[in-house]
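In the order they appear, the protein sequences are chains V and F. Each residue of the first sequence is one higher than the one before, counting from 1 in our numbering. Each residue of the second sequence is one higher than the one before, counting from 1 in our numbering.
Quick caveat, the hints were computed from the structure, so don't treat them as lab data. Quick caveat: nothing in here was measured; it's all calculated off a predicted structure. All C-beta atoms in this analysis are idealised placements derived from N, C-alpha and C, irrespective of residue type, glycine included. Just to be clear, a hint being listed does not mean it is correct.
With beta-carbon atoms standing in for the labels, derived distance ranges [claimed, not checked]: (1) 30(F) / 227(V): 54 to 60 Å; (2) 84(V) / 30(F): 34 to 40 Å; (3) 275(V) / 18(F): 36 to 42 Å; (4) 5(F) / 272(V): 38 to 44 Å; (5) 108(V) / 102(F): 33 to 39 Å.
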Amino acid sequence: MQKTDVMIVGGGLVGLSIAYGMALLGRQVSVLDEGDDALRAARGNFGLLWVQGKGYGMSAYAQWTREAVALWPRFATALQADTGIDLHLRQPGGFQLCLSDEEMAEESRRLLWLRDAMHGDYPFELLDAEQLRVRLPGVGPTVVGACYSPMDGHINPLKLLRSLYTACRVRGVNIINGHRVSGIAQCAGGFELAAAGQRWYAGRVVLAAGLGNRELGAQLDMDIPVSPNRGQILVTERLKPFLHYPTTYVRQTDEGTVQLGDSHESAGLDDGTGSQVMATIAARAVRCFPRLGQVRLVRAWGALRVMSQDGYPIYEASRTCPGAVVVSCHSGVTLAAMHALRLAPWIDGERDDPAVSAFSLERFSPEVRHAG
Amino acid sequence: MPVEPLFRALSPAKNTVRIEFEGASLAVPAGVSLAAALLASGVTRTRESAVNGRSGAPFCMMGVCFECLVEVDGQANCQACLLPVRAGMRVHRQRGARDLLAGDQEMADE
């Protein structure tokens, strides 16, 4: 049996961010990751560092997200120092384009709620069509307005994943690929894990397995209410820079391609694509920026968001299984900096962080927790 | 410009068509892809990468690698391996990313 101080189950953005953060604290860390047939949100996401609108109904999440983007420059600098990889972090603010008066009213209502909940410290602007066209040339004539927030930004998410892999290895993290964890149990002073015919012993374990957390958590007597939500993304040919801000529907990457997305579907564990949703995404993108109507699409994919029951992250240090921690969230990019620099010290027990307790499993009522 | 071709046809082309590549007239086999026609004519460089400027030439020949990008009759970012060659095509190397704003004054003036 192989032994490690900390075993992290899941080698996506969440697991590797925590692994990196714990390695920075000097811990001996291993990561067990599935093979290429796994459902991988980390390889399918859009790359936004998004704040505006998040935490509607739960201001602790809005606060947590804001602190995450404030930590991002330090995080990106640390990763670049360890790996030499430029993540192309840009934080110029972002636009949520609105295609109907109803959408504009709804977005505004949420942002105003958040500003109140944050005691006025929540910068954004509501722009009508005319103001928007001055700020963002090339916007289509049927866009009724937009919400702009200087808090938002974006990065290259694939470079982030590659950078985290490299940085973890540089810092001595043992990443074990191609091993799906099939069994996990408490044993004397720690945990025993079984994966692909091998066994590991770990003093502490972090479940960061995305949608797999539900099944793994159940083995440690925890109900973890996460379920899949599919998003599809279309990618265009490479274009010279024409869009200098991220928007929720359309984002131009550092290498010139334009990503079109933000669909939401319940499709079970099917991470494929469908022409109807792709057509809707394309049509909406062309409404936002009519020039895109002349542009070729070169590829498309689907990926599954890891959505908790209420949409907010789950950070749980088990009371019944001391040493087991659960981390589930759908914003693995935005929160990566927070997971590495703030959550890892909390997991390590180095810092008692009252901001984390809002995200415990306790907020789900027993009825909700046992419904699924 | 065209030099000694890297590839030879299995049999001589029955028909040829004339196309233009970077302003020079080429007689190329008919009935093949534009990428194959360029390779048969000794073209060893079709694009300069939009990401890092590196030169590239047709490689996968099946629409995946994007190394064969060319501009055809003013249309940027065409995959030469997916286009049947056609008489009279005017072909240029794809240099960097497509400029969406160029030749787009009507849109820009909106």
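When the hints from earlier in the document are held up against this structure, which numbers fail? 2
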